[in-house]
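For the record, the sequence lines run as chains A and B.
Heads up: the first sequence at position 177 corresponds to 201 in our numbering, and the numbers run straight through without jumps.
Heads up: the second sequence at position 570 corresponds to 594 in our numbering, and the numbers run straight through without jumps.
It is possible that some hints are incorrect.
Chain copies aren't distinguished; within one or between two, either way the pair holds.
SDA-like, lysine to any residue: derived pairs with alpha carbons at most 20 Å apart [said to hold, decoys possible]:
(1) Lys842 <-> Phe238
(2) Lys668 <-> Ala86
(3) Lys410 <-> Glu438
(4) Lys136 <-> Val146
(5) Lys842 <-> Arg327
(6) Lys624 <-> Glu254
Just so you know, the hints here were simulated from the structure itself, not pulled from any lab data.
Protein chains: 2
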Amino acid sequence: MASESEAQRALQYEQTLMYGRYTQDLGTFAKDEAARLRLQEGDTPRPRRPSELLEYTQGRCAPCRVCALQCQRFLISKVGEDWVFLILLGLVMALVSWAMDFAIATCLQAQKWMYGGLDTNVLLQYMAWVTYPTVLITFSAGFTQILAPQAVGSGIPEMKTILRGVVLKEYLTLKTFVAKVIGLTCALGSGMPLGKEGPFVHIASMCAALLSRFLSLFGGFYENEARNIEMLAAACAVGVGCCFAAPIGGVLFSIEVTSTFFAVRNYWRGFFAATFSAFIFRVLAVWNKDEETITALFKTRFRLDFPFDLQELPAFAVIGIASGFGGALFVYLNRKIVQFMRRQKTINRFLMKKRLLFPALVTLIISTLTFPPGFGQFMAGQLTQKDTLVTLFDNQTWAKQGISDEFEYLGILEAWRHPRSNVFVTLVVFILMKFWMSALATTIPVPCGAFMPVFVIGAAFGRLVGESMAAWFPDGIHTDSNIYRIVPGGYAVVGAAALSGAVTHTVSTAVIVFELTGQISHILPVMIAVILANAVAQSLQPSLYDSIIRIKKLPYLPELGWGHHEKYNVRVEDIMVRDIRYVTLNCKYRDLQQVLHSTKMKNLPLVESAESMILLGSIERTQVGALLSSQLSPQRRLLALRQKVLSEDGHRLSDSTIRFQISTETSSGTPARPALRKPLKPALKRVPSSPADSPPAGSTDHSGIALKNLFCANASTEPTEAQGTARHKAKRVRISIVEEMILGDKMTPAEILEWEEQQLDQLVDFSSAKIDPAPFQLVEHTSLHKTHTIFSLLGLDHAFVTSIGRLVGMVSLKELRKAIEGSLTGKGVKVRPPLASFRDSTASTTEADTTALRQLWDRHQHHHMPREAGPGGDDDDDTPRGQREP
Amino acid sequence: MASESEAQRALQYEQTLMYGRYTQDLGTFAKDEAARLRLQEGDTPRPRRPSELLEYTQGRCAPCRVCALQCQRFLISKVGEDWVFLILLGLVMALVSWAMDFAIATCLQAQKWMYGGLDTNVLLQYMAWVTYPTVLITFSAGFTQILAPQAVGSGIPEMKTILRGVVLKEYLTLKTFVAKVIGLTCALGSGMPLGKEGPFVHIASMCAALLSRFLSLFGGFYENEARNIEMLAAACAVGVGCCFAAPIGGVLFSIEVTSTFFAVRNYWRGFFAATFSAFIFRVLAVWNKDEETITALFKTRFRLDFPFDLQELPAFAVIGIASGFGGALFVYLNRKIVQFMRRQKTINRFLMKKRLLFPALVTLIISTLTFPPGFGQFMAGQLTQKDTLVTLFDNQTWAKQGISDEFEYLGILEAWRHPRSNVFVTLVVFILMKFWMSALATTIPVPCGAFMPVFVIGAAFGRLVGESMAAWFPDGIHTDSNIYRIVPGGYAVVGAAALSGAVTHTVSTAVIVFELTGQISHILPVMIAVILANAVAQSLQPSLYDSIIRIKKLPYLPELGWGHHEKYNVRVEDIMVRDIRYVTLNCKYRDLQQVLHSTKMKNLPLVESAESMILLGSIERTQVGALLSSQLSPQRRLLALRQKVLSEDGHRLSDSTIRFQISTETSSGTPARPALRKPLKPALKRVPSSPADSPPAGSTDHSGIALKNLFCANASTEPTEAQGTARHKAKRVRISIVEEMILGDKMTPAEILEWEEQQLDQLVDFSSAKIDPAPFQLVEHTSLHKTHTIFSLLGLDHAFVTSIGRLVGMVSLKELRKAIEGSLTGKGVKVRPPLASFRDSTASTTEADTTALRQLWDRHQHHHMPREAGPGGDDDDDTPRGQREP
């Protein structure tokens, strides 16, 4: 019974402390848990699957049944294959994408129909033009707010964080999926300058997560966490792929945007799923008789034989550089708008009360300005985003080229013509207005992306340059026999790729435009412009997604920039925190308490002793709390009390212990199964000072109760399931209070205090604690470059720095971030001058090794350990040394 | 003086033992070395650079000079920038590629001219047709053989290995560069079915390495090894990019072919350099008036409005699947030819003597079969590879489509027509003949790739299917109003991408064909075919490059295959080697000797003691040898002798010591500077049993001499510079013999033996040994999947397995490879059944943790260490425990 109680307690600890192991082998851990739960389930009656029932059925047609069983097993095992999953994912996403496009097109047509039908009265027209999007956006904002606030925004920043190994709560649930799909449809249906691409990455990821959960009903292979991350990476590719019908560009874009290191092994998954998805997406259009066959989404028809002249390349380079500045400005503007809205306390308080007012207001302003009979006539306001792109990629030249060939604006091209101005003015107004409108609109709390608006602005800018070139060189630049006129549409393609590349800091927008337009003839101009735009934008601003990550304060690791060589000379010893708290193997409970009070670190290093400082592993903060609370628990106190006072046999004691364990199981047993899916709790949560971390310093006299609360708070907040947590917490607290009433009231507070003081002086028994036996270690000389690589490769959030097994410091994501940003901006952590490592590497570092080793060696030789001024921590544990001398 | 002698000895050890630190921070290490050498150089007179001289010049125009100095510094710092390097690399490679193309075209034209000029006599024609390529290939083979045998073959397998972190000797030198460029030009000029793409990857990498060395004359930033690897990755992209004028495809192809994990951070480098290179490559063509403007290399002119019908997709899928089988067959055939040539002892011996006979013979056979008036007329033998591709991608349909529109074969298309057969027969013969010809030709020992031949075969196969479809559906499949005929050229594009994708196991061949043809309209068919081809080929055979890696026995790590789920359940504890030798901190020299004799491991773990088994670091095998040899060195013996016999002051002793050190410096000082560039010695060398590793067991009685030799052999083979090593070795051996004569002859062998036995019983002084303080550690429960990831991410070749700081085993690349291949093929290491981890994870594993920790804890509590039956090793070091008790 005692062993059972221990197992129960271990179970409880595991559930509360699950997340800490994600730097190690969490896939395995999750499987262990699954196996354990499965074995536990085996004892309880549960509905068996038919296949299992068959094995117990004995009859005449047993061979036949066995055969059927094997077939079934084969099918089920096939369900577990990757390609089945990827095909299903591609299929579902293509259907979602197509259905959403259909709904959006219907919405936009309805607006156009309303606007067109009311052409008798301008005021009514205006009302219709303005009200329709306002209602849609307000509905979208409200719906998302109510159902799942996580669905707001692009989703790419969050996916980047998730793929880095951090689990964000509720980001991949069905509720968020529904909220995002419906919210996005309404938002795009309003005709605001919003995009569908970023949200689609999120939608595809949610779809993959849900599908994975669904398929795990059939086979056991979907439980692996590492595999799920691989599938999420593929899903991101599917998201972009089926949004633009651009499989290659989708894969590359999703890699660039979400990954730091990419496993080439996963490459085919992305290609397979994205191709299948794009294929189905386009086939649906053919079946719907929208298209005759599968072609590109925004097909261009530029001439193939002479796409551009070599001498036009400077113009393309100018587009690239200007787009770089423009992209940086867009990111800056977007961030400033968000920060401005946050800072204005009065506005903010008002808007927080009326959450839907801000979206409505923004929509009102933007739709008023685009009202076609009003200001919209100067900026082609009546065109939808799709129509705008189609016209901008048009094959013809808009500007007048002499008197003879007056260009006729046909169909939707009509929108760009204004009787009292020329096309240049319209384009400039369009670019300027759309620029701030897009930057503003993407801050609305609805599901929306910024890629497509930026893409359109870039196309317009390219068109502007192209038209200017065409006006400047009416007969083309080429001076040979053939006259090849300049194709402004080609410039629009280049501009679109360059500006979207600059905003997102990606090169693969080039591939996306080739796939979107179905023409690759402009490959070199596009590549040159995109690379130049990236070079400029990356040196000025972070990418839009990184900017959002910083605004939302998601855990991130900045990239090492282009050619910042000084970083090759910074080492871990320059940035590490030397003064860290640690737990020694021979410490007392009082030391644990002190460590808990003195630091906020989530993981505490466990060293052999304060003298040797040999790192044995890392222990969770919560584990330490658990050790303490179990040492000071009322049960133990009661046990001690009873043993002292009554000297009875242990029968009644074990009885009460069991009662406590049953109640604990009731409270913490339920979230065990869902928690299994999410061992990746963000270790870098945004709330560094939760109540659990900082109990009032004066409460040590009642530390039994205080620590109990500390532990309970931890236990109830950690197991990562939001729904039901509050309920469980309440239940558990109630139970513990009840127990406190039943068992603990027989001692006076003074007695309790005395007993606890006594308990705190005991040595810690680590045998029941979960210890990560191999926390990641670095050496002092590891370069910043290498450290960054390892952190981003393995998704670490901290690493201990050791010197021949001895703990000398710690580096966390924070220090690394500071060091990288410090070296980038000159602020933050001071980095050493470039030759710093040359300066002191000559003798001191190699000597340090030798010295440390020699000490260790000396110690073994003479068994005489000189007490070192070790890095901080438990200064009052000298006694164990005395104890150890026999 | 004693400290100087120690420093000297340390220097010697470092130089001999440099390579072992590459798992840690070798960039830093290289820098340390550089700094140390620089500081040392500071004492000796050396030619100063102008900038340094200026600082010492005091004069009137000092401010002006300081300004000039700063300008110069700015320029030099700019030279260190990445983009300067990348531009230079792109420029040089574009020039090389263009010049080589020009030379190849001239060669081919010369052959055609000769063949055309001799049309009066068929025999003369035949002689000219056959002799010309034979001479060229023989010259190429002979030239490469003499100058640099490393230039033979594709180069991609070697680059894959190098990018994994292993340095292959002589693969990136100027000599190899020259051999490869000239050899490749001759080989391709011969008109054999060989490709330029693989060698170009190698050439670009060599170019990058040379450029990096050249630029390091200006700035100090090119010394970083990690950075050089990044630059090599970019260079691979440049190689493919400027070969096909395909920047995007080049980057992707090089990533897929050479990397396992790719740093997205390096992505832009590849794009930047490849785009610049492709741009210059095509601009050169424009300037040479070959082209009017920049267009694709093999431009196609398929119709844009209706590229293909939806109902043609099954035909494309068939091409994909057939290409998959064909690709696997090609890899198999290629490997079998190599293995056959190796196995046939008699043929082999003959060919080894006459090395140039095999290339000449193969060329003779192939060129005889392609002789246009002979068999060549049935397989378009007169066309060069480039012409073949141009004709295969042709826009027209070759097969007769009714009587009215008889197709006229114009120009080079003529070659495909044969009066007595139809185009189908010609195509089939072409495919069959070229298939084995290409597989055979790529085994010739000249610089050559297989990509282009395979690409051509794929195009021909696609064309065959396309022509068949066109003959089957003369008016197209589409039954609506418009008649869209089938475009067989599109099928050729699909086939080319699919077959080359299948052979190389890449998806990015799709992108390469888009860039090569300048049209992306067939994107979906191409993607579908490439993915299907990959799926089939990957399940049948390794990629061509992996196949060559295995044939050449380069160190490699197999990929985890598609959806092999059982590997998620294998753990490190299942595959690790438990019985490993180790070095304890308190061991005696005799133990070191035993460890050296009993194992061949390159890195020995250093543990605290045999009882605790706490891992402190890893020590090089050669370091251990050095420790032993210094302990048993004649100098020490002489010292002991003198002290014993003469009881003199230490003056003359130190004198002799210095003499020895000076001689050592002379012998090992020279290779220090070059060795700095190559700390990455392959730890997985192909020669596991070098003479240094297995000294005869009976030689322990003369171990002073034996170990000296052991050490000398190590010292001379390790510092990785081939040229001059033999000389140094001879010199050093001579010196040591001389010293042996001078100093060591005063003792009889019996005395020496006694003295050495005495020395061996002393405790080891590790203070002078270099110890890697943080070897990579895994835990027993780490999954195979995770282990594979970590090994390939960090380029490890071994990792120690620890359990709470205690060493329990080791995993090397070999075990990992066995485990992965075992689970793939069923042979090799037995993997555990899928549920193995479920079976025992429930209790035992967590208990193992607890038990180990409890032991440690018990040990601290009671200071009583029960001797465990530890994993093997030093069983005779019980005495230290007695010693440690005071």
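Taking the hints in turn, this is what the structure says about them:
1. When the C-alpha separation of Lys842 and Phe238 is checked against a cutoff of 20 Å, the pair qualifies neither within a copy, at 42 Å, nor between copies, at 35 Å.
2. In the homo-oligomer, the alpha carbons of Lys668 and Ala86 never lie at most 20 Å apart, since the shortest distance is 64 Å inside one protomer and 90 Å across protomers.
3. For the identical chains of this complex, Lys410 and Glu438 are intra-copy neighbours only, at 15 Å inside a copy versus 47 Å across copies, given an alpha-carbon limit of 20 Å.
4. Taking the shortest alpha-carbon separations for Lys136 and Val146, only the intra-copy value of 14 Å comes in at or below 20 Å, while the best inter-copy value is 77 Å.
5. For the identical chains of this complex, Lys842 and Arg327 are neighbours neither inside a copy (52 Å) nor across copies (55 Å), given an alpha-carbon limit of 20 Å.
6. For a Cα distance limit of 20 Å, the shortest separation of Lys624 from Glu254 qualifies neither inside one copy, at 32 Å, nor across copies, at 38 Å.
Violated hints, listed in ascending order, are 1, 2, 5 and 6; each of the other numbered hints is respected by the structure.
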